[in-house]
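Asker: Chains S and L supply the protein sequences, listed in that same order. If you're matching positions, the first sequence starts at 1 in our numbering and goes up one per residue. If you're matching positions, the second sequence starts at 1001 in our numbering and goes up one per residue.
No wet-lab data here; the hints were simulated from the structure. Everything numeric in this text was worked out from a predicted model, so none of it was measured. We treat Cβ as the ideally placed atom computed from N, Cα and C, and that holds for glycine. Warning: the hint list may mix true and false statements.
[Unchecked claim] Straight-line C-alpha distance at most 30 Å; calculated DSS-like pairs for lysine-lysine:
| no. | chain 1 | residue 1 | chain 2 | residue 2 |
| --- | --- | --- | --- | --- |
| 1 | L | K1346 | S | K30 |
| 2 | L | K1316 | S | K384 |
| 3 | L | K1375 | S | K384 |
| 4 | L | K1384 | S | K384 |
| 5 | L | K1373 | S | K166 |
| 6 | L | K1373 | S | K30 |
| 7 | L | K1346 | L | K1316 |
| 8 | L | K1384 | S | K375 |
| 9 | L | K1030 | S | K30 |
| 10 | S | K375 | L | K1166 |
| 11 | S | K166 | L | K1346 |
| 12 | S | K238 | L | K1166 |
| 13 | L | K1309 | S | K166 |
| 14 | L | K1166 | S | K384 |
| 15 | L | K1238 | S | K166 |
| 16 | S | K373 | L | K1384 |
| 17 | S | K187 | L | K1373 |
| 18 | L | K1096 | S | K138 |
| 19 | L | K1138 | S | K166 |
| 20 | L | K1166 | S | K373 |
| 21 | L | K1166 | S | K309 |
[Claimed, not checked] In silico contact screen, one side only, chain L against chain S (beta carbon under 7 Å); selected entries:
| no. | residue |
| --- | --- |
| 22 | H1038 |
| 23 | G1040 |
| 24 | E1043 |
| 25 | K1074 |
| 26 | V1165 |
| 27 | R1267 |
| 28 | S1269 |
| 29 | N1273 |
| 30 | L1311 |
| 31 | E1437 |
[As the list claims (entries may be wrong)] Anything over 12 Å on all C-beta distances counts as not near chain S; from chain L, calculated:
| no. | residue |
| --- | --- |
| 32 | D1141 |
| 33 | P1159 |
| 34 | P1218 |
| 35 | K1238 |
| 36 | P1361 |
| 37 | L1457 |
Number of protein chains: 2
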Amino acid sequence: MKNSILIAAMTIIAGSLHAQTADDSIVLRKMANEILSHGGAYENLRALTKQVGPRLSGSAGAEKAVMVTAKMLKDAGADTVILQECMVPHWVRGEKESAKLILADGKERILRIAALGNAIGTGPKGVKAEVVEVRDFKELDQLGATGAIKGKIVFYNHPMDPTFVKTFFAYGEAGPYRHVGASRAAKYGAVGTIVRSLASNLDDHPHTGAMNYIDSLPKIPAVAISTNDAEYLSGALKNKTAKQVYFRSNCEMLPDAKSYNVIGVLRGSEFPNEVLTVGGHLDSWDLAEGAHDDGTGCTQSIEVIRAFKALGIRPKRTIHAVMFMNEENGGRGGDKYAEEAKKDGKKYLFAIESDAGGFVPRALGLSVRGEQKAKLWPYERLFKSYDIAFGEGGGGSDIGPLASAGTIMASMNPDSQRYFDVHHAETDVFEAVSRRELHLGAFAMAGILYIVSEYGL
Amino acid sequence: MKNSILIAAMTIIAGSLHAQTADDSIVLRKMANEILSHGGAYENLRALTKQVGPRLSGSAGAEKAVMVTAKMLKDAGADTVILQECMVPHWVRGEKESAKLILADGKERILRIAALGNAIGTGPKGVKAEVVEVRDFKELDQLGATGAIKGKIVFYNHPMDPTFVKTFFAYGEAGPYRHVGASRAAKYGAVGTIVRSLASNLDDHPHTGAMNYIDSLPKIPAVAISTNDAEYLSGALKNKTAKQVYFRSNCEMLPDAKSYNVIGVLRGSEFPNEVLTVGGHLDSWDLAEGAHDDGTGCTQSIEVIRAFKALGIRPKRTIHAVMFMNEENGGRGGDKYAEEAKKDGKKYLFAIESDAGGFVPRALGLSVRGEQKAKLWPYERLFKSYDIAFGEGGGGSDIGPLASAGTIMASMNPDSQRYFDVHHAETDVFEAVSRRELHLGAFAMAGILYIVSEYGL
């Protein structure tokens, strides 16, 4: 008797879940059709990259990007658009840096370099010294102990490991040489560092990116070198034709500047005090148009609002489409958003970030466990029709500060093969983005937000 | 008792399969590492696209491509390289075509067009007529029945449907207007046809491609128009500002020419008379460098040979890496290969084709059922580590003729989002290919060939 009641109950639940997911499947199909046929992310991205362009925190470009995306969110149909003030670091590159390799025979060869973000400059005289190449910190420490680093420029020549299929792992593995290589070398008396660009290809474009100094150690200039020139320099050092390297960088850190997160709000119809956050970061490096990093995440998030509005779908829960400021060299926008979230009395239920490029979506990364996972995972099959899987674990640096208050973290995980060819380099331009790939990613985000807005977590 | 024996037997089988796949997993990891770190496909593709360039069947480019890839196969370590003679159609574009829209106010606007492959030319006077736009054959037949087509140019304006996630379905759906639109229009007295390029994006580049005439109907000139100009022309027709279109094409079909399939052979150590075929097609359209279509498939197939040799893996079964000639406008190379296969006394066990672009591999498409499927599918998990799935159904037009003799058909299925942006257009260039994506695809092919060469089917 008990068993038969249980079976009957399960049948009813299964039946209703089936009907429900059939309806959801129709909604998702409408969303996909709308976004693939009429999506606005691509044209918004064109405007953000070509009309605004580079938009490093504190720059005029960043200021313009705030106004431009606020208007895009309004045009997409956001109920309100909030400019959330935050102070951001204001690092400037100054006059373009230069470098040359001085060869043993007295000839010179230009090296293509770019100062790392947050680094100090060399001053007008530049730095000129012999170069010591190391592959990793172990080699640095060994040489450092012998005194061989003192007065030299340290050249970190650590390529991204091509055998990682997910390129973010290779980026993570090679990252520390850029992040903390300068201080680690300064400890042994180095006068400057040159780091091989964190790039998955060989070309002539240096890739910048954030570095940070360890306060207790001397600050020395730090630049990235293009992968082609890293290969050349390494060869010249090996065959003893390299005598010295000279480089000059003119960057400096100015006082903090006022800036904003831009938040488009779509009010929930049933649970307006439960907030679902979708976002990308609005700032970009100064060298690039910031297309894949992260104009795509921003314009996909705006597209989520547009798609809901265009289809007349009012979400049950409130959606925030957030253009976070200052992901690249400070994370102040993400911190500010979480700080305000803790104060406003709303429940920040779920947050998804797109900051891995506008490539074809492979998975929605979801940091859910137990009951929440059991609730969410059955919806994976709705996304599989679009070749999008659910993956365990997700999040991002801008939404990260929300996690401590219990917000469920998620990410849109696009294919990663091409990202580090262009990441933080002047090649990260609009033309490197595929309209269909961008829009499929926007659909993935809109789709999961629809499911969570309908059913909670 | 019986049960315990069964369980014991199953445990032994499971144990040995486990050990076996663990070894296979190591071999596959070595292959992936080798190809991702030292793969030669990308540089071979650079040579094929930049030094050889366009290579339509019968052209000097095609002839050069035969010699160049024969050398590449030799350099990759093929035991022998066979030039397999076949006669191919020899269509030439002649002087570049031109077109203009004559507006009601007498002004003119240039339209960007390209003659379709196999089409006749207009002759030096060109064709000048009013234009009738149709979306599909139903509209054509309705208008044709009223006599409205007679003496006109038919403009097939059928966009690829953006809502198909797998773009090949949209290509298939829109394909007939290019393939047989001319004859269908000629039936109603049309004097020429303009077909909207089969493209998934809006740009200025016409996409050519094969068409064929129905013998019983008059042959009329047929050209493709860029998607931007298709939109423009459609607008001008709708708002009645279009008066006539003039176009001139200078193409013609010459007598068949002698050409070759290029086959690199890696002899099997245990079953040399069982052949596994891996291939792409060597010919390309004359407008393009033929990078994604199909320089990538060719250079990936060469890379399979190189990877086996570099790792010192002698396959148990013989591998043929085949550069098929004439896929684009005749399929004669595929026919010839199958014809010879039927004669040489060997068993052609398995054939895999890469002719969907050099994009990130999503799946290996495998046309296997029953026991063969049960044997092959457990290996899927080895490929999942590389984000490559097994998909049901696979094949291709060059290997297709082998199927009737029982060869198992397969394909490397890359992501399809970007393919039809460049397919058959002058934008299909080396720069549109990602080294990592190309090499991952080569790994997928090498990996499945390793499994089939080790274990048969």
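Asker: Does each hint fit the structure? Answer for all of them.
Answerer: Each hint tested on the structure:
Using a Cα cut-off of 30 Å, the hinted pair L:K1346 and S:K30 is violated, with the two alpha carbons roughly 52 Å apart. In summary, the hint linking L:K1316 to S:K384 is not supported, as the alpha carbons are separated by about 37 Å, beyond the 30 Å threshold. Of the supplied pair hints, the one linking L:K1375 and S:K384 holds, its CA atoms being roughly 25 Å apart against a limit of 30 Å. A C-alpha spacing of about 16 Å is found between L:K1384 and S:K384, which places the hinted pair at or below 30 Å, so the restraint holds.
At roughly 29 Å between alpha-carbon atoms, L:K1373 and S:K166 fall within 30 Å of each other, so this suggested pair holds. Proposed proximity of L:K1373 and S:K30 is contradicted: the alpha carbons are some 35 Å apart, above 30 Å. For the proposed pair L:K1346 and L:K1316, the alpha carbon gap of about 14 Å is at most 30 Å, so the pair holds. Simply put, L:K1384 and S:K375 have alpha-carbon atoms about 25 Å apart, close enough for the 30 Å limit, and the pair holds.
With a C-alpha separation of about 44 Å, the suggested pairing of L:K1030 with S:K30 is violated against the 30 Å cut-off. Proposed proximity of S:K375 and L:K1166 is supported: the alpha carbons are some 29 Å apart, at most 30 Å. Of the pairs offered as hints, the one joining S:K166 and L:K1346 is violated, with about 41 Å between alpha carbons and a cut-off of 30 Å exceeded. For the hint pairing S:K238 with L:K1166, the CA-to-CA distance comes to about 49 Å; that exceeds 30 Å, so the pair is violated.
Under the criterion of a C-alpha separation no larger than 30 Å, the hint pairing L:K1309 with S:K166 is consistent with the structure, at around 26 Å. Under the criterion of a C-alpha separation no larger than 30 Å, the hint pairing L:K1166 with S:K384 is consistent with the structure, at around 12 Å. Under the criterion of a C-alpha separation no larger than 30 Å, the hint pairing L:K1238 with S:K166 is inconsistent with the structure, at around 49 Å. Restraint check: the Cα-Cα separation between S:K373 and L:K1384 comes to about 22 Å, which is no more than 30 Å; the hinted pair holds.
Of the pairs offered as hints, the one joining S:K187 and L:K1373 is violated, with about 60 Å between alpha carbons and a cut-off of 30 Å exceeded. Between L:K1096 and S:K138, the direct Cα distance comes to roughly 62 Å. Violation of the 30 Å bound is thereby established for this hinted pair. The straight-line distance between the Cα atoms of L:K1138 and S:K166 is roughly 48 Å, outside the 30 Å bound, and the hint therefore fails. A hinted pair counts as satisfied when its Cα atoms are at most 30 Å apart, and L:K1166 with S:K373 qualifies at roughly 29 Å.
Proximity of L:K1166 to S:K309 is assessed by CA-CA distance (about 26 Å); at most 30 Å being required, the pair is judged to hold. Using the Cβ-Cβ criterion of 7 Å, the hint placing L:H1038 at the interface with chain S is not satisfied: the shortest such distance is roughly 9 Å. Below 7 Å, beta-carbon pairs count as interface contacts, and L:G1040 has none with chain S, the closest being about 14 Å; its hint is therefore violated. Annotation: interface hint on L:E1043 violated; nearest CB of chain S at approximately 11 Å, more than 7 Å.
Here the hint on L:K1074 is broken, as its CB sits about 26 Å from the closest CB of chain S, past 7 Å. Proximity of L:V1165 to chain S holds as hinted, the smallest CB-CB distance being about 5 Å (cut-off 7 Å). With 7 Å as the threshold, the beta carbon of L:R1267 stays out of range of chain S, its nearest partner Cβ sitting at about 29 Å, so the hint is violated. A cut of 7 Å between beta carbons decides the hint on L:S1269: the least distance to chain S is about 27 Å, and the hint is violated.
With 7 Å as the threshold, the beta carbon of L:N1273 stays out of range of chain S, its nearest partner Cβ sitting at about 35 Å, so the hint is violated. Annotation: L:L1311 was flagged as interfacial toward chain S, and the flag is violated, the nearest CB pair being 14 Å apart, outside 7 Å. Taking 7 Å as the C-beta contact cut-off toward chain S, the hint placing L:E1437 at the interface holds, the least distance being around 5 Å. The claim that L:D1141 lies off the interface holds: its Cβ sits roughly 27 Å from the closest Cβ of chain S, which is beyond the 12 Å cut-off.
A beta-carbon of chain S is positioned within 12 Å of the beta-carbon of L:P1159; the least distance is around 10 Å. Look at L:P1218: its CB is around 37 Å from the nearest CB on chain S, clear of 12 Å, so calling it non-interface holds up. At roughly 19 Å, the least C-beta separation between L:K1238 and chain S is larger than 12 Å, which holds for a residue marked as non-interface. With a least CB separation of 10 Å from chain S, L:P1361 falls inside the 12 Å interface cut-off, contrary to its annotation.
Separation of L:L1457 from chain S is adequate, the least Cβ-Cβ distance of about 27 Å exceeding the 12 Å criterion.
Hint compliance for this structure: hints 1, 2, 6, 9, 11, 12, 15, 17, 18, 19, 22, 23, 24, 25, 27, 28, 29, 30, 33, 36 are not met, and every other hint is.
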